[in-house]
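**Q** Each chain sits in its own coordinate frame; assemble them with the hints.
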Amino acid sequence: MSAQKPTRGSGRLKDSEKRKIVDDSTRRRRFRRMLELLESDNYQEDPHADLVMSKKLPKFDDEPEQRSTRTKKKERTAEYYQNKYRKSFEQMVEEDRIDAEKNGRPSYLEAEARSTDFVARKFCNVCGFFSKYTCVTCGIRYCSIRCMTIHQETRCLKWTA
Amino acid sequence: MKMNETIEFDMVDIKRQRIDNKNHIYGRRYDKPKMKNKSENPEDEFVDESRTVIIDSGAYTIKTELASKNEPMLIPNCIMKAKAERKRLFIGNQIDECRDCSGLFYLLPCERGYITKWEVQKPIWDQVFNKTLCPVNDKHVLMTQPLFNFKNIQDCTDEIFFEEYEISSLYRCNPTDLVALKYGLERGMRRETCLVVDSGYSFTHIVPYINGKKCSNGIRRLQIGGKMLTNHMKDILSYRQYHVMEETYVINQVKEDTCFVSENFQNDLKIASEGASKNHIVRNYILPDFNTIRRGYISDPDRIKDMHENCQVLRLNNERFAVPEILFTPSDIGINSVGIVDCLIDSIKLCPRTYHDALARNIVVVGGNALLPGFKNRLMKELQSRMPAKWVVDITVPEKSTIYAWQGGKSFLKQHGSVEKFVTKKEYDEFGSSGIQRRFNEWKTFQEEESTKEVEMKQISLIDHVNKLNVFSRQEDLVDQVDSIEQKELSQSYVLDGSVTSNKSLSALEEGSTPGLLNLFDDKNAVLTPPPSEKSSEISICSESMSKMKSSQEENLQVKYFFQNEDSEEENPLNLDFI
Ligand SMILES: [Zn+2]
Ligand SMILES: [Zn+2]
Numbered sequence: 001m002s003a004q005k006p007t008r009g010s011g012r013l014k015d016s017e018k019r020k021i022v023d024d025s026t027r028r029r030r031f032r033r034m035l036e037l038l039e040s041d042n043y044q045e046d047p048h049a050d051l052v053m054s055k056k057l058p059k060f061d062d063e064p065e066q067r068s069t070r071t072k073k074k075e076r077t078a079e080y081y082q083n084k085y086r087k088s089f090e091q092m093v094e095e096d097r098i099d100a101e102k103n104g105r106p107s108y109l110e111a112e113a114r115s116t117d118f119v120a121r122k123f124c125n126v127c128g129f130f131s132k133y134t135c136v137t138c139g140i141r142y143c144s145i146r147c148m149t150i151h152q153e154t155r156c157l158k159w160t161a
Numbered sequence: 001m002k003m004n005e006t007i008e009f010d011m012v013d014i015k016r017q018r019i020d021n022k023n024h025i026y027g028r029r030y031d032k033p034k035m036k037n038k039s040e041n042p043e044d045e046f047v048d049e050s051r052t053v054i055i056d057s058g059a060y061t062i063k064t065e066l067a068s069k070n071e072p073m074l075i076p077n078c079i080m081k082a083k084a085e086r087k088r089l090f091i092g093n094q095i096d097e098c099r100d101c102s103g104l105f106y107l108l109p110c111e112r113g114y115i116t117k118w119e120v121q122k123p124i125w126d127q128v129f130n131k132t133l134c135p136v137n138d139k140h141v142l143m144t145q146p147l148f149n150f151k152n153i154q155d156c157t158d159e160i161f162f163e164e165y166e167i168s169s170l171y172r173c174n175p176t177d178l179v180a181l182k183y184g185l186e187r188g189m190r191r192e193t194c195l196v197v198d199s200g201y202s203f204t205h206i207v208p209y210i211n212g213k214k215c216s217n218g219i220r221r222l223q224i225g226g227k228m229l230t231n232h233m234k235d236i237l238s239y240r241q242y243h244v245m246e247e248t249y250v251i252n253q254v255k256e257d258t259c260f261v262s263e264n265f266q267n268d269l270k271i272a273s274e275g276a277s278k279n280h281i282v283r284n285y286i287l288p289d290f291n292t293i294r295r296g297y298i299s300d301p302d303r304i305k306d307m308h309e310n311c312q313v314l315r316l317n318n319e320r321f322a323v324p325e326i327l328f329t330p331s332d333i334g335i336n337s338v339g340i341v342d343c344l345i346d347s348i349k350l351c352p353r354t355y356h357d358a359l360a361r362n363i364v365v366v367g368g369n370a371l372l373p374g375f376k377n378r379l380m381k382e383l384q385s386r387m388p389a390k391w392v393v394d395i396t397v398p399e400k401s402t403i404y405a406w407q408g409g410k411s412f413l414k415q416h417g418s419v420e421k422f423v424t425k426k427e428y429d430e431f432g433s434s435g436i437q438r439r440f441n442e443w444k445t446f447q448e449e450e451s452t453k454e455v456e457m458k459q460i461s462l463i464d465h466v467n468k469l470n471v472f473s474r475q476e477d478l479v480d481q482v483d484s485i486e487q488k489e490l491s492q493s494y495v496l497d498g499s500v501t502s503n504k505s506l507s508a509l510e511e512g513s514t515p516g517l518l519n520l521f522d523d524k525n526a527v528l529t530p531p532p533s534e535k536s537s538e539i540s541i542c543s544e545s546m547s548k549m550k551s552s553q554e555e556n557l558q559v560k561y562f563f564q565n566e567d568s569e570e571e572n573p574l575n576l577d578f579i
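Note that the protein sequences, when read in sequence, are chains A and B. Going by UniProt numbering, the first sequence opens with residue 1, and the numbers climb by one from there. Going by UniProt numbering, the second sequence opens with residue 1, and the numbers climb by one from there.
Just chain B, with the same shape it has in the complex (with noise of 0.2 Å):
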């Protein structure tokens, strides 16, 4: 049974590779021998875990070990340069050995997330699999690579690693592929459906994943990542405090003890504009003087004065959470962009409708970012209140956040066939770089089948509604402002757009007020979200079921919006209450 099984994944395999391949490369290779080893061997359809090495290769730590142990090393993937050390440079984890920090200089191989500088990663790529530290040769080699991973890229991979150092075996496939799989092992999915946040130190990427596939055309990139906030809080405690432009090393450990995910930012912005009496926001930070102190950390308020009267204090206030908030609002600092939510959103959106629910009931969150305290009570309130209020909204945030995509290659190696997607050494040398990427990446697009052509009527006068609704301006006498012209662009715009992930600002109705934005799920759920402004509120409309809103302002009136709408029939009253 299991046999027969495997031998008909392997059928399958060859028709798709031969409509895939018009020169029937791969048929033939795939054809009598590898069939014929399985059925007399069948215990070599799995891949010996001992002789298996698991590379998750990020672009600031490398996370490799045998398949066999049960955490994997993490190796900085950089070259340092120690002030204090002028005949030595520290590759990898070298690091461990330089005893002054400060000031360390950088030579990192990769740009935006991508590996431009093989002159760096070269020698860190020895340093960690070409020596005793996880070597490489000999055996097999799962490896991550970046999503959209360049082909000069993979390219120069395969060669180094097939040619010098001499591996027997490769698979190759997205970090994110491992994630969801373990995801997906760990709720019983037999083919996962979920949706993988990946937040790591160049950039965070949003894949969904549906049915064990997945769905390329979902995938959104934030080019926001862990080196962005730590050069953020560099730029902002320079500016106030003490000149640390020189202190990556450092402030990115500042950053990982103090910095969290504020949940509600107005209302935390304001609790640090409090005197210390009330403000439980504020910290002391001893920095590190790498003679006494190794690292720094927030001091004990009550010991002080006694303990470190020569050492340096930080003192971190809105900053801890203010730098991890350009996650969530890029704009903040001036980048022009959508925040982490509406990416979450929008690739929800890029996928069959049939399953923008399941996706929203499995989202996971994994990379250095997602240590962040706070950061998954963010995501989940705001995504609810975003989010058509039928929709379970359900967060997964691994406690080893960092590691979890290695620990799914384990997983992968356990998978029925997946000894098969390895390409072997004799394969590299016979059809090259090129011939063998093609089994490394798979691009699977889910296109919506459903007309939209209905629904976009429906969407029109859902807006109308909304522009009724005159939701930005808070008194009633400001609806004779509304300018018409403004309202007809705004319909217009949703025409020609046509699809339901169109989303457009709302016209400001009074000086200082900023546009919303109108989230369209689909013919019966819209949401409206105000700017992140101090002066808006929170509005979230859904014409199936009633909104919940909230509104936080220092200085206007609170304003509380109701929206009833049993079904979206254009009739239904709209009610607007004021608090």
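Okay, chain A solo, but in the shape it has when bound (with noise of 0.2 Å):
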């Protein structure tokens, strides 16, 4: 393991050589990977995942003047609600449906819009114009000689999961 540690480029790199042939299930994944990414918040990692909310942190808005006058208020932290009230998604989404069924009302899952019939138009990944074919190797759309040759030379499984 230790003896061979190429960087991650150069893996990549005599993965393209090679010209393997992406299958079907790598396709897939790929596009949930697609998918999810353009749910996401961030593509990087975080620059500073040391820093976070705190109460030791100097705060830069605690100047005297901008402090509230209360003082009877009950102060809680964020950490207090976060465990508090730590559900996910999915199990939120869950509880509607049930209470949804209870009380005969539309769900959440309900009111989602509905698939598509239609086929799909395919784009040239390369230029973002109307497409006819698609690369062998990694199933990727392109429309012309100028675009497979861009592709083929500098992108070619390079996005495979």
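To be clear, the hints were calculated from the coordinates, so they are not data collected in a lab. Where hints are given, some of them may not hold.
[What the hints assert, rightly or not] Lysine-lysine pairs mimicking DSSO-like chemistry, simulated, CA-CA at most 30 Å apart:
#: 1; chain 1: B; residue 1: LYS444; chain 2: A; residue 2: LYS102
#: 2; chain 1: B; residue 1: LYS376; chain 2: B; residue 2: LYS213
#: 3; chain 1: A; residue 1: LYS87; chain 2: B; residue 2: LYS151
#: 4; chain 1: B; residue 1: LYS151; chain 2: B; residue 2: LYS421
[Said to hold, decoys possible] Here are some, though not all, of the chain B residues that point toward chain A, as calculated from beta-carbon distances under 8 Å:
#: 5; residue: GLU111
#: 6; residue: THR116
#: 7; residue: CYS156
#: 8; residue: ARG220
#: 9; residue: MET245
#: 10; residue: GLU319
#: 11; residue: ALA322
#: 12; residue: SER337
#: 13; residue: TRP443
#: 14; residue: THR445
[As the list claims (entries may be wrong)] Quick look at which bits of chain B chain A covers, simulated, 3 or more residues with Cβ under 8 Å:
#: 15; region: 160 to 174
#: 16; region: 227 to 233
Using N, Cα and C, we set each Cβ at its ideal position, and we do this for glycine too.
**A** Take a look at the structure:
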């Protein structure tokens, strides 16, 4: 394992040199990953993961005149709420479904737009115009010799998850 | 006179609440004290605007301000970390203090539009509502929540606002409720009937209102919003030009500055493929360097050479309209969902037939994506071709579409009886979060009251007509190739489905052609729409009137179809014209 420790880049290069054909399940996985990325908040890693909200950190807006005049209030930390109301999205959707059924109201899930029967238009990944061809290696679309060349030389298999 | 009306309203409320709740807690609470109170001080019927805060709480932006002000502050609903600043976080509007917004890392409180990360949401709310920005303590709060907001989220919100922020009363509703109300008032409707389209950061909602009530069973949600558009733009630009995957902040601005909704996608794509002299779509965009250029901008083509020699330039061509296009055709990026137009039509069809016409005539579009140029025209064009010709489609896009709901909050407070809707701190303490929430979440469903039996038969006969039309073959000799099994399948699927909302693709008749979609509105109206493919032609069919249709394709001959049918009698001739 330690004997060959290529950088990520050279590893990818090797793959593309082999021109191996990406199978269907990999293509599907890659596509799912792409859809996930479309919902993601960030692409990069947290640059300062150690930087968190904390009482100990100096606050920048705590000058005396900005402080609330109240003294009686319960101050609770974000962690308190996070722990008390920790529920995953899926959990809440399921609770909503059960409650909707019980009360005879429409649920979150029922409002979802229906799926389409249309056959999707196909676009060239390289230039964005309509495409007629599919790369046999990775399944990505392209429209012309020019775009095929660009794709195969610099992009093919680069995005394989 | 006025007084009597109010008391009457209260009595109805008491009755309703008693039915709702076996323990009569609401009845008890609603009883004498309130009515006595009101008769004595009629001025209490209205909310004190200077002591009320309206919060339109979006997944990406919080719109908040005292109700006595004209416009809200817009505060980013996120915590950000900048590459260059390793010692501090930027909460909400603190981002204005950040000098270098490249590679911003976002902490967002919402997942698909619903708060799941309280460790992110709480500090932002603290910053906005617990300090000097927009303090809510001892105030009345009118707050929006997304449609179908989950109970867990409402519980936590109640606890934070009542217990920690110590507000004196609270009312929560959906932003679309406020939009519908404001729209109705502007149109002089006493009880508004309209279709609200709210296209925001996380999703796009279509919500029908009938006589002032939300038609809950007609709500449609398209899981596409501004966030997905920006992420998609990052994707394609990174593939085609620079690696900008980490530049959400910048690319979001690029999107706002350059994107538009195409009124004719295929045509615009053709223009974008032309050389420089004919291509009026292509733009060069100067990216910010956060040194001399704080915000990117579209370059003046004549000046580009002598101005910024070292700046990075993005070339934007078909990306400008292919990105917003996914709202209309999600399948373009492989999302197996109908687009916004189908969602609108579905939503209308889920409402009682009597109101279809009125809903089509009163469409109001709000939210950040409504600001994309061309949005209204495209929606109009597609709806007109997809809806029965006798229906008048009218779409309103308010100029300030992102703060329209907040402004609707102002209208809400001026409504007679709105003060009664607020839940006081005392009531919260007494009944708890679960006890008060039924006052925030009203589920009204309008069911189709007419029988659809007779309609079904006519639907099938209409489909037979369509099949005879053989609309997707481009040569007459292809008629023979129509597979009878496919026809049968098609008819059967309608019988099985039975409702007026049924949609089914027509079978493709030749290789390369793609199925169209038949939309049945009622026994007299059906509209056939072909797929948004470069090869298809666009066809509308109305049995009551002539259809309008157009075709635009690069390699195929122009095809024009006519379907003349004065009323829905089966024997009427169908004419097919080729040009
Ligand atoms: Zn291409
Ligand atoms: Zn490839």
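**Q** Take the hints in turn and mark each one as holding or not.
**A** Hint check:
For the suggested pair B/LYS444 and A/LYS102, the alpha carbons sit about 15 Å apart, so the restraint of at most 30 Å is met. Proposed proximity of B/LYS376 and B/LYS213 is supported: the alpha carbons are some 25 Å apart, at most 30 Å. With a CA separation close to 11 Å, the supplied pair A/LYS87 and B/LYS151 stays within the 30 Å bound. Of the pairs offered as hints, the one joining B/LYS151 and B/LYS421 holds, with about 19 Å between alpha carbons and a cut-off of 30 Å not exceeded.
Interface restraint check for B/GLU111: the shortest CB-CB distance to chain A comes to about 5 Å, inside 8 Å, so the restraint holds. The interface hint given for B/THR116 is met, as the beta carbon of that residue sits about 6 Å from the closest beta carbon of chain A, less than 8 Å. The beta carbon of B/CYS156 is positioned within 8 Å of a beta carbon in chain A (closest approach about 4 Å), and the interface hint is therefore held. Annotation: B/ARG220 was flagged as interfacial toward chain A, and the flag holds, the nearest CB pair being 6 Å apart, inside 8 Å.
Against a cut-off of 8 Å between C-beta atoms, the interface hint on B/MET245 holds, since the closest Cβ of chain A lies about 4 Å away. Taking 8 Å as the C-beta cut-off, the interface hint given for B/GLU319 holds, the closest approach to chain A being about 6 Å. Checking B/ALA322 against chain A by beta carbon gives a least distance of about 6 Å; that is within 8 Å, so the hint holds. Evaluation of the B/SER337 hint against chain A yields a held restraint, the C-beta minimum of about 5 Å falling below 8 Å.
Hint on B/TRP443 holds. Least Cβ distance to chain A is approximately 4 Å, under the 8 Å limit. Given hint, B/THR445 at the interface with chain A, holds; its Cβ is 7 Å from that chain's nearest Cβ, closer than 8 Å. Check on the region 160 to 174 of chain B: 5 of its residues sit with their Cβ under 8 Å from a Cβ of chain A, so the three-residue criterion for coverage holds. Check on the region 227 to 233 of chain B: 4 of its residues sit with their Cβ under 8 Å from a Cβ of chain A, so the three-residue criterion for coverage holds.
In this structure, every one of the numbered hints holds.
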